[in-house]
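Colleague: In case you want the letters, here they are:
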Amino acid sequence: MSAKEVTIVVDGREVSAVEGEMLHDAARKGDVEIPVFCYEPKLGEPVGACRMCLVEIEGIPKLQTSCSTPVRDGMVVHTRTEQVKHAQNAVVEFLLVNHPLDCPVCDKGGECPLQDITMGWGPGKSRVIDEKRHFQKPIELSPLVAIDRERCILCYRCVRFSQEVSEDSQLQLLDRGDRTFVGTFDDRPYVAPFHGNITDICPVGALTSYTYRFRARPWDIEQAGSVCTLCPSQCNVSFTVRDEKVKRVITRDNHDVDDGWLCDRGRYGFEMFEAEERIAGPRLKGGAEVEWDEAIAAAAAGLRAAGGEVAAIVGDASNEEGYLVGRLLREGLGSNDVDSRQSRGFSRAAVVRLAQPDLTIKVREIDDADVILVAGTDPLHSSPILDLRVRKAIRRNGARLVVATERPTALDGGAEAIARYAPGGATHFLSELAAAVGGAENVASPLAESLRGAEKVVVIWGERIAREGDGAATALLDLADACGVAGAEGAGLLEVPDVTNARGLREAGCLPDAGPGLGAELAGGRSTEQIRAGLISGEIKSLLLFGADPLRDFPDTPAWEEALTAADHIVCFSMHENATTAKADVVFPLETHAEKDGTVTHPDGRLQRVRPSASRPGIVQSNIVILSLLAETLDLSTGIDSQPTAFAALTEAVPFYSSITEEKIGGQGIRWQETEAASTIPTPDGGALSSEPTTSATGEGLALGTYRDLWAGPITELNPPLQFLTPQQRLEISPADAARLDLKQGDVVRVGQNGSSVEAHVLIKERMSEGTVFLAEGVQGGNANALLNGGPVWVEIQKLSGVDA
Amino acid sequence: MADPRETRVLLEHAEDPALRTIDGYRGYGGYATLEKAYREMEQDEVLKELEDSGLRGRGGAGFSMGKKASFLPRGEMAKYLCCNADESEPGAFKDRELMQRNPHQLIEGIAIAALAADAGHAFIFIRGEYAEQADILDAAVAEAYEAGYLGKDILGCRRDLELVVHRGAGAYICGEETALLDALEGKRGNPRLKPPFPAVQGLYGGPTLINNVETLSNVPKIVANGAEWFKGFGTEQSPGTKVVSISGGVRRPGNYEVELGIPTRELIFGLAGGPEPGHEIKAFYPGGSSSPVLTPAELDLPYSFEAMGEAGSMLGSGSIIVADDRVSIPHMALRTARFYHHESCGKCAPCREGTNWTVKMLERVVRGEATPMDLDIISSVQQNIIGHCLCVLGDSMAMPVSAMVNKFRDEFERVIAEAGMPIAIVQGAPEALGAAT
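Protein chains in written order, with the working numbering: chain G, 1 to 805; chain F, 1001 to 1437.
No lab work stands behind these hints, which were simulated from the structure alone.
Fair warning: there could be bad hints in the mix.
Unchecked claim - With a straight-line Cα cutoff of 20 Å, these simulated PhoX-like cross-link-like pairs (lysine-lysine) come out: (1) G:K765 with G:K744; (2) F:K1048 with G:K132; (3) G:K125 with F:K1036; (4) G:K765 with G:K799; (5) F:K1048 with F:K1067; (6) G:K62 with F:K1194; (7) F:K1231 with F:K1048; (8) F:K1036 with F:K1152; (9) G:K541 with G:K42.
Just chain G, with the same shape it has in the complex (with noise of 0.2 Å):
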């Protein structure tokens, strides 16, 4: 598709555009700024309904809007003739006819699409001196959202958002003429994973987040831009920050990573930054308070006493972070017992191949996709930005959608073919589909369809299914082999991991196998189940956590308690107390992404820098400084003491990120694979990866699936203003399962698989297999994680009480 260059021109200059692209964005190019308030190419088509953007074009006898008309050749614009000006007056005059001038008690004040137009293109006068209209203000739109229905100026963007973006289809408008208002059916608070991004949009302060409402003035306050590491979506973020506090969280566009959106999770998960729980100290075991200098003795001496029988596991970290934690097991304490996952994970030679740049896509290759395959991901809880582009890749380009997962996705709507397999039955599914769309007829040979012969097939898979081991990822290179997408233009495979870095700490070095770079295979490193097992036999004493909770995130709850009870010394990172913590002999405060300075690599390659934005709590410091203090104290000399030092010694380490410096990663990122020396990557090893024979293993009773819930953990349970979404364990099941077991929707029940349990909620759905049901993992009171222990698993189910008991 080659866009074809053209020339118009814009009040007397010459401007080249693309064919077809909207005349205000073309006259954009050319510095003239035409004004808008309902155009947002974001929100898809234009609507041409506030009339603010008209212009006139020569052979045209009427005004045409400038964000409706796509450009043609030789086209001559005016934008500032008296004509234009009488109607840009007028559009301004008729929009202030209603709305209430306010400005000086509205929080939009001073960064107000509606004040600047006003000023740049209105009359710079009011003739109207009649009633405005009212309506009961501000009201809440949701928990989290307040409107002032007499500041709206009825742009359409919040509902096309809704309607169009997130798809929910919740806010509509109501009414008509200029009693329209926008609202929900039957006033229900407008709840959606995404709706925050309405305030974001709206041109006047019609929509407010209450998180933000009264805190600030826009000349009080800063902007800092940086990287959400909340999810692995790692969307561009700005932080608003003032008097060193961050006060709001809003989008910064990034169309190569989150399309201008981002979720309620990373809008308003930053006041966890200043909960009760968060960290702002080091100290030791029983909650004494201590100075750096004697926690980091404390925590050396106590890795030091296991002479070497010691394990680390990294969660939420930086590429620099990682890389630091790995040099500090393996030089400074020399032990390979090094990993970033939380269960189960592939092996060095199954990364090496996953991670090949023929094979991953750009996230915005999403956009043009064909076909596009979800298998063993929900994005909307593990990626959630992802769910919006898949969406967006149906809607306005009409690609076409298949899913395989376990469980009921949000994207199932949207599906042209929808397949369920067992829990644990990803790598038998995959394995099945790669043949079907070779041609072999089988229970896969639905969704086979839709792949087989399309060009650009985009699949995007969760890394839940590397808790099946290499076969997995053997399914998963045959089918990406079967869909011809290496080299392929627009296709290749996206990776939605468990935790948001997943992919750098990977190619910094937290492998049991690997070091940085994905360097030669090593031998004897134990990985995160393996160091679980080594904690409870005795043969690991140590164990550093950096940013991880196994308690809450990992598998096997019962084994990991009794490992951490086991060990003889824990050091724990980590940003706020938890039952981890509890657990540990010295705890050390982490940074937020608000905090922190640091390099992140998104699934697709992308490298991403977070800055640090708002000032640390109490004694908090840098990571970076306290892991090379703690490495210093170990003997081991790293020459690293700040970020650009341990960004140096990263991509020293890495050689596909050798080419990579701070200033290329800019504020957009830049994607390793897209480097000169990308071709440094480790290719693969001939062989065939290992792989066990999946297990068709059946047990008693209903096969448990588990998954991590959006909303599940210290997200809501440490944010006042999202604790309304904290979810309750609910236990998912089909209707022919629940009219078997006689449950009703609602019935509470006790979910048991071998001495241990959860309570639970019934919850009945559609499109879910007959015979399995699931529970939420991270669920505070009935984490599901309890009762799985790595293997399939099935539960029996006792009710304990109905309903309408």
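Mind docking chain F on chain G? Use the hints.
Modeller: Chain F in isolation, oriented as in the chain G frame:
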């Protein structure tokens, strides 16, 4: 009985109640044209006949029907035909009579037009208030299906046409062709941006021909008798006959079918009987409430698209509303503005806010709480609306209001000055107007 001064083509035999049934219609030769068109004519032949006839849309815009149909792209994609029966313009009631008295003429017209447009699905979007007419159409459509004029493989000619009568939910804006499409699709009835025009991308994204009831009712006659015959009526630029709705201050309000181009005086005085004894005409809307009002000085203009346009007004849907000397023009302006304010969909700012603001200002005028300067503002606001809206609804208020303020400025000033003075108007006392919102 028809007035001999009328030229009845569409309303021919309208006085016969049996015309409503398929047998009655066939008794007058009905559906013979459909049979001829389906059995003997190619798409292009039908299209050419329509184009040559010069038939102009009877819904208000007056665009050539045949040309509009020719804009539809050719190809395999699903194409649609929509009959706009959302007759909601104050003063217009001609489509109601055409549907009520001769539903099969419309159905036959739709079926033939569908042939010209190569449409496989057709809809009649009828305003919800026309419940009786919708029932009549439903019955007639059922008869037409029964007789094989609709449905699959019509007359064995391997052409299909499904026809659905869809009742609107009572919004004037749904008579705007793109709002009609949105409403048909089950959405909020708001106008769409044009381009793309419905002929290219209309209902469900497919090429769509949208025509008014009267326009489509003309189709069987044209195809039966030929373009030349049709051009024998009317003027060069406004061929054919027109059913004109005349209401207001006349002795015989009603629908009259005449050749286009007859003197307007003939319509108002001859057919409709002129004003009540002892009264004079003060002003009249020549083409529905959205047309700029004309004065008695313009009564001798020919009633044609071109003459009305030259006079600064329009023929629109062909609905004349007469205001006699008892009518207060400022109150008539307010009533007109209120209608468009009430019916504005709210999508675009100039219409939404302009209609609202105009109503508020006119309310102040009739309450005497305005100054002559407000009249300047009212005029200026109308100019701020015209040409700036997404669809024509805003202009539909701005044009007549603007004309009234400009042509009757003295009266506006007098009303302001003498507010409180009782003023009789034809329909309802001013108090009632003031109370209604």
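Colleague: Take the hints in turn and mark each one as holding or not.
Modeller: Structure-based check of each hint:
1. Of the supplied pair hints, the one linking K765 of chain G and K744 of chain G holds, its CA atoms being roughly 11 Å apart against a limit of 20 Å.
2. The straight-line distance between the Cα atoms of K1048 of chain F and K132 of chain G is roughly 54 Å, outside the 20 Å bound, and the hint therefore fails.
3. With a C-alpha separation of about 66 Å, the suggested pairing of K125 of chain G with K1036 of chain F is violated against the 20 Å cut-off.
4. A hinted pair counts as satisfied when its Cα atoms are at most 20 Å apart, and K765 of chain G with K799 of chain G qualifies at roughly 18 Å.
5. Only pairs whose Cα atoms come within 20 Å are accepted, and K1048 of chain F paired with K1067 of chain F is accepted, the gap being roughly 9 Å.
6. Of the supplied pair hints, the one linking K62 of chain G and K1194 of chain F holds, its CA atoms being roughly 13 Å apart against a limit of 20 Å.
7. A distance of roughly 14 Å separates the Cα atoms of K1231 of chain F and K1048 of chain F; the hinted pair therefore holds under the 20 Å criterion.
8. Restraint check for K1036 of chain F and K1152 of chain F: the C-alpha separation of about 18 Å stays at or below 20 Å, so the hint holds.
9. The suggested pairing of K541 of chain G with K42 of chain G is violated, with an alpha-carbon distance near 53 Å, which exceeds 20 Å.
Violation of the numbered hints given earlier is confined to hints 2, 3, 9; the remaining hints are satisfied by the structure.
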